[in-house]
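Novice: For reference, the chains in residue letters:
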Amino acid sequence: MGALDLKSVTKSFGTTEVIKGVNLEVAEGEFCVFVGPSGCGKSTLLRIIAGLEDASGGDILLDGKRVNDVAPAKRELAMVFQSYALYPHLTVRDNMGLALKQAGVAKAEILKATDKAAGMLSLERLLDRRPAELSGGQRQRVAIGRAIVRTPKLFLFDEPLSNLDAALRVATRIEIARLHRDLGATMIYVTHDQVEAMTLADKIVVLRDGRVEQVGSPMRLYNDPDNTFVAGFIGSPQMNFLKSAALGQMGETTGIRPEHLNIRHGGPISGTISHVEKLGGETLVYVRTEPHGLLTVRLFGEHDYGVDSTVQLDIEPSRAFHFDADGKRLR
Amino acid sequence: MGALDLKSVTKSFGTTEVIKGVNLEVAEGEFCVFVGPSGCGKSTLLRIIAGLEDASGGDILLDGKRVNDVAPAKRELAMVFQSYALYPHLTVRDNMGLALKQAGVAKAEILKATDKAAGMLSLERLLDRRPAELSGGQRQRVAIGRAIVRTPKLFLFDEPLSNLDAALRVATRIEIARLHRDLGATMIYVTHDQVEAMTLADKIVVLRDGRVEQVGSPMRLYNDPDNTFVAGFIGSPQMNFLKSAALGQMGETTGIRPEHLNIRHGGPISGTISHVEKLGGETLVYVRTEPHGLLTVRLFGEHDYGVDSTVQLDIEPSRAFHFDADGKRLR
Amino acid sequence: QTTLTIESWRNDDLLIWQDTIIPAFNAQHPDINVVFSPSAPAEYNAVLNSKLSAGSAGDLITCRPFDASLELFNQGHLADLTDLAGMANFSDVAKSAWQTDDGSATFCVPMASVIHGFIYNADAFAELGIEVPTTEAEFYAALDKIKADGTYIPMAMGTNDQWEAATMGYNNIGPTYWKGEEGRKALIAGEQKLTDPQWVAPFEQLAKWKDYLGDGFEAQTYPDSQNLFTLGRAAVYPAGSWEISGFNTQADFKMGAFAPPVAAAGDTCYISDHTDIAIGMNAKSPNAEAAKVFLDWVGSPEFATLYANALPGFFSLNSTPVEMQDPLAQEFVSWRGKCEPTIRSTYQILSRGTPNLENETWNASANVIRGSETPADAAKRLQDGLASWYDPQK
Amino acid sequence: MASKKPVRWHIAVFLAPAVLVYTAIMIIPLFGTLNLSLFNKGPDGVGFVGLGNFATLFGDPRWSASFWNALGNNAWFFLIHMLVQNPIGIALAAILSTPRLRMAAFYRTAIFVPTILSFVIVGFVWKLILSPIWGIAPGLLDIVGLKTLFAPWLGREEYALTTLALISVWQFVGIPMMLIYAALLSIPDEILEAAEMDGITGSSQFWKIKLPLILPSIGIISILTFVGNFNAFDLIYVAQGALAGPDFSTDILGTFLYRTFFGFQLQLGDPYMGSAIAGAMFGIILLGVCVYLFGIQTRLRRYQF
Amino acid sequence: MAKSRSSTGRTFAAHAILITWTVIALFPVFVTVINSFKSRRAIFADPLALPWPEHFDLVGYTTVLKQGDFFGYFQNSMIVTVVSLFFVLLFGAMAAFALSEYRFKGNTLLGLYLALGIMIPIRLGTVAILQIMVAGGLVNTLTALILVYTAQGLPLAVFILSEFMKTVSDDLKNAGRIDGLSEYAIFFTLVLPLVRPAMATVAVFTMIPIWNDLWFPLILAPAEEVKTITLGSQIFIGQFVTNWNAVLAALSLAILPVLVLYLIFSRQLIRGITAGAVK
Ligand SMILES: Nc1ncnc2c1ncn2[C@@H]1O[C@H](COP(=O)(O)OP(=O)(O)OP(=O)(O)O)[C@@H](O)[C@H]1O
Ligand SMILES: Nc1ncnc2c1ncn2[C@@H]1O[C@H](COP(=O)(O)OP(=O)(O)OP(=O)(O)O)[C@@H](O)[C@H]1O
Ligand SMILES: [Mg+2]
Ligand SMILES: [Mg+2]
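Protein chains in written order, with the numbering used here: chain A, 1 to 331; chain B, 332 to 662; chain C, 663 to 1056; chain D, 1057 to 1361; chain E, 1362 to 1640.
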């Protein structure tokens, strides 16, 4: 239970096609993360899978069964909405417990399940409040709690952690990973957070403008992107794209990740430092170069570089990616 | 114009005190970031500054003038709401232009201003849509656009980038920084993102449960936290807290950031690897130790460590922080 | 050029006034413009009272008989017309409905009275071989015969609207039992009571009618009754003479009329020849002169002829006899010669207090016909109600 | 919430037009009239009688019998509306608000049409339909084999009021329907979608999600029904006349008041007793409204979406 | 919304219920309309017979059109209804906004005060109102009717609208305040558009009694030039004889304009007007 298969799924709102033929297989128990720029259709795809939106074309198969016309309630999945969509008239506890109550689960069990979810999400003290009395992050946690108490076979999470602070985010992320392991549930998860995507995913789906650009394991996408889009999208800070010609490299564009660009006296690329960002554990140095434009160098630890000083950069050739004029990877 | 001064500000909802006496000075033109766990009162404080909530006690001074009783509209500030609060019946353009129109700005100028903001936020193609037809990230961008077209002296941002993808987030972050520089405007910014906080802030305010824990520049907080809470909150992944006694260090607890914990054969702390997270540019190794519990080691680049293998860890003593039993820093 | 506005409840007469009466008046008085402005009859009293109180009422006011108009006069809304020249054309009886109790002042020019009786479907009577009844026995025999035949509903009357039962039932046949004016005056004087046999008798008659009414008469409305009769489904219709013009246009069979039957052949018959409509002047009218000119003309035989012929069934109260064309109307008016006329028993003085005797009579008549109250109970209730406020009856 | 200290003129500006027009054209005339309830005609003209009229209304057995009869009938009239009109209205609105329902606009309009009709038509057509004479209702009942159930309902004391109340329900069901429909529309789609995901669909979605969210609107329609019913007049008046037959079995406060205040037929209008009745009605309705405003409304949570 | 979310069974049931009630709702209307095309005789001979072909009779309509200036009456009714409606909605919404948005002393009491008007039949104030109009020289003007109907419609409008205004998100109004919108601008540009469904509802409720009212036209403006359609139709209701063809024809015609107004307003009942406003 829980395997998902999308076959040439399309979706239009009026005349604008938002999902442009998506094919995707998610195996049972897999953790699949959707990433992509804002507005590329992640939420829409999630809603189509949930049955909240009709696909304009194509088939949605759950466990091999076509479910295009099956009601959301019958698909046995749980969803965390990007907008939370909490029941405003119910307390936190009732928000989380309603689905179970509807399913006829015994009171004591509902209590146990909601208590457990509340504990997991540090919501214990808020159980009797209503959504209007919660902070943004608290609401988001309630929305997550509502999904997980039901322990269905397929979870859909739409940016579930975006409003949480770092500590809570790590904690919740780990909880979700554990849930995934324990339940063997299939999960589809939308996020903009690189760390979440890299750490949680069995499989990352990179979407762009309603199309799947590449599907693969996190490290696969990181180390072997198919095109400039995926290369640029996976990894933060973004990959630097340099002009191959000026470097004497093959292809049109050479991609090199900020962590593989070093500041080395006498390096082949020279430029001036335009900006330095100190993040504590690492330092980002932005170097303006000709003809490559602004390049990002990521350094481990704290470093002091003076803005406007001239530096030379060096690339690790083994870590460079080459792309043709269309952005396609040359291997 | 734009300096803010909070004096013993308190706020209660019914009987629960949510803001418990906050004192804070923000100088004119300063970029001040509020961080803190979910539900600690960041949004509430922002709303008090905006005049949307009445403070239960204390004074709010803008440019030295007490504004407790001044209407929000008169405070000349712009705000991005955590819930976006877009005008559902207006198009994206009108959402952004309404304030200017209200201020009697000429049509042509409004058009210019909205076009500029739209360009900045990649909203050009969406100008004629209504909020209901936008994705979550697009809505958030409209909310930001609405604030920035007005270029007032004080900006309040409540997690403005939480729903944006990495690339857009970086781009918008840079725009906000530029805006800050160009306008010389004072900005108060709530975020959960370490990178945003560290890169944008002149001053970070760490809140906890309605109280200010520490105020200071990003590197100050990173390198010189006052207590375990701040130490743990700033920096991601979180600082490791070890038992001082077992290490022969002073105080009760010794804090060491993951990037300052090294895997070194023969190191003083030994443990087994429980989990490895590869993020591409860096690798996080989770090591279970006695008596310190799970410690995080952050390594630059990609590394292969076998789960369950035994490793020894070494701390950089100069980077260690010492805290007493109450969590207060020992210097 | 002055304009006079007439307040009236006679929506029905709008065309007659516009096409016949006003042009006739204008032929003599081209300088007086007259506007006939009726309102719906049910609201007339309330509307008129409000307008008079606020001072926006028209110059000429159509008068209901007795207390409704008397009250207006007492409040100073109606002008005293005692000295109007045209008043000389009316008998005291005609004027009595629009006079103060002592008869010292008259405030409306009488226009018409209506007579009660029964209209019947002459074709049906002929078909069933029924003679026009004159006595109670003949009356019920006729009804029985119609009922037995089954083609026609014997009598068209319903109790839904209540006033049908009281006006076309009780006040139609009642005078025969309480002997017209004699009983009515005795009641006012307190010499008879409503519980006396002559006052209970009409209710007893009504109670018998139940069997001759159509199915579901309880929910039958007044227009239903009219339609039942004019569509030829009912044979006898307890009527007021005002029905004549309507029935003439609607029924496509021959009609006849008979007066309320008497107990035994040769008894004196009594009819209700009720003073019903008059016209007075708004005391605050700015056009009093013109209004008086008009009222004078209303008192003239010319008006009487016009009106009575335009509205067969509304019989002139003018002392000058009026020549009428309509045979049915002629039949009705002929009873004036044969029978003793009286007016409706409840109208003068007796409906001044609470409970209102007229309204109670509606209710009682309907109840008695429906069988939900016995004649004796109904009479007792009316008597108690009357006695509760009317001193001579205490 | 805006701050409190400066004078907030805008509040006055927002309120002024309504308060002025309303006070001048409604409150002053109405209370001028209600004031009459403290006066009455005595032997020496109109004089102040204090609560004397009310003493008569409740003390004099004739007046009080009529009053209690009217009040009782009115209560029954109201009860039928609450039990029939409002549930039907809510149910229809709930069905109509089903997303993607075809012809919804047609149904909505059709159901609302009776509300548009003037009482004259309503009275005429229902009397025509229910008339035992012209055969529509008996005929229709005959078709379904229930002819024996037919009775001249409007003419029977035991049925007339209920029949009229049901006619009124027929006519006005569009009003709760519209209000509830508008309230249902303001529930955000996402919340309903979340419910769908939770397996709360169909009627349980109505009971568990929609109903709690529209409770304030149900409160409103209840109080509007209450106020409307206790002020009702026209339907009874056009169907049964001011005497509200048969035998006053359909007499409600509105008709009782009309007869007394404006008079009817030979009965002269009595503004003094009429005002006393109006005062009593006003008291009853005010009591109901206060119970609603202070007792119920504050307890019905409103949710901002 | 997805078709996967609508089951055929439930859709069928929904249609069945709606059709049933539609039939119940429309049957009497149908009876009215068919009979307006028949002669009196035909109406009562067989009220359910279709007016086609042998019963067809336009006598009702010809009578109506012959008698009085019916188009003028229509126009008067339209003016009175629309103008009153405008003021009721404007003033009512303004007052409702003040009551629901601001806390001030006497807020609840003022709300109650404004609701008093729905508790007493306004007819009782007739004489005083008429006196006001006489004093103001407004008798037989449409202005008099507009004033009365505005006053009469306000209580209900305030009552209903203030309830709906409370559901408009505070964040949204606050966003407006921060944007420098005055309270007036917040009301007119933000709140009013968002309570459109409620405004439409109130408009419909207010319009019907105004359109169908007989009393005040009769008292305040009975003159021919200012007669409303309802009053105009009354001419056919006589003391003893009612011209049912004409009444039915006139009132059937009178349904049309209100129906049009209703359709216009009910288009404002749009699903999801606040969608996408807040997270
Ligand atoms: N209207 C209210 N009634 C009662 N409690 C409230 C209300 N609004 C907020 N709170 C509580 O006040 C606290 C602070 O809320 P606030 O929204 O300021 O948090 P926050 O720091 O912005 O959190 P987050 O990061 O999750 O957005 C929370 O615990 C919240 O539950
Ligand atoms: N109801 C609608 N009508 C028209 N366009 C819509 C509608 N809903 C979404 N869209 C458009 O469809 C595209 C995909 O939207 P979707 O919500 O799936 O994006 P997303 O990938 O979830 O973005 P985000 O990361 O910002 O949430 C967007 O460009 C959006 O503007
Ligand atoms: Mg999305
Ligand atoms: Mg917040």
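Calculated directly from the structure, the hints in this document are not laboratory data. There may be inaccurate statements among the hints.
Unchecked claim - BS3-like cross-link-like pairs, simulated, lysine-lysine; straight-line CA separation at most 25 angstroms:
#1 K112(A) / K101(A)
#2 K107(A) / K1264(D)
#3 K1264(D) / K112(A)
#4 K1203(D) / K809(C)
#5 K1056(C) / K1097(D)
#6 K1097(D) / K946(C)
#7 K872(C) / K1203(D)
#8 K841(C) / K1000(C)
#9 K1466(E) / K1264(D)
#10 K405(B) / K1466(E)
#11 K1264(D) / K116(A)
#12 K1264(D) / K101(A)
#13 K1264(D) / K74(A)
Novice: For every hint, state whether the structure bears it out.
Specialist: Hint-by-hint comparison with the structure:
1. Distance hint between K112(A) and K101(A) is fulfilled; the C-alpha atoms sit about 13 angstroms from each other, no more than 25 angstroms.
2. Annotation: proposed proximity of K107(A) to K1264(D) holds, straight-line Cα distance about 17 angstroms (limit 25 angstroms).
3. Of the supplied pair hints, the one linking K1264(D) and K112(A) holds, its CA atoms being roughly 22 angstroms apart against a limit of 25 angstroms.
4. Pair hint K1203(D) plus K809(C) holds up; C-alpha atoms about 23 angstroms apart against a cutoff of 25 angstroms.
5. As the CA atoms of K1056(C) and K1097(D) are separated by approximately 22 angstroms, the hinted pair is consistent with the 25 angstroms bound.
6. Between K1097(D) and K946(C), the direct Cα distance comes to roughly 24 angstroms. Compliance with the 25 angstroms bound is thereby established for this hinted pair.
7. Between K872(C) and K1203(D), the direct Cα distance comes to roughly 22 angstroms. Compliance with the 25 angstroms bound is thereby established for this hinted pair.
8. At roughly 14 angstroms between alpha-carbon atoms, K841(C) and K1000(C) fall within 25 angstroms of each other, so this suggested pair holds.
9. Pair hint K1466(E) plus K1264(D) does not hold up; C-alpha atoms about 37 angstroms apart against a cutoff of 25 angstroms.
10. As the CA atoms of K405(B) and K1466(E) are separated by approximately 24 angstroms, the hinted pair is consistent with the 25 angstroms bound.
11. Simply put, K1264(D) and K116(A) have alpha-carbon atoms about 24 angstroms apart, close enough for the 25 angstroms limit, and the pair holds.
12. Our distance criterion of 25 angstroms between C-alpha atoms is met by K1264(D) and K101(A), whose separation comes to about 11 angstroms.
13. Between K1264(D) and K74(A) the CA atoms are separated by roughly 18 angstroms; this keeps the pair inside 25 angstroms, and the hint holds.
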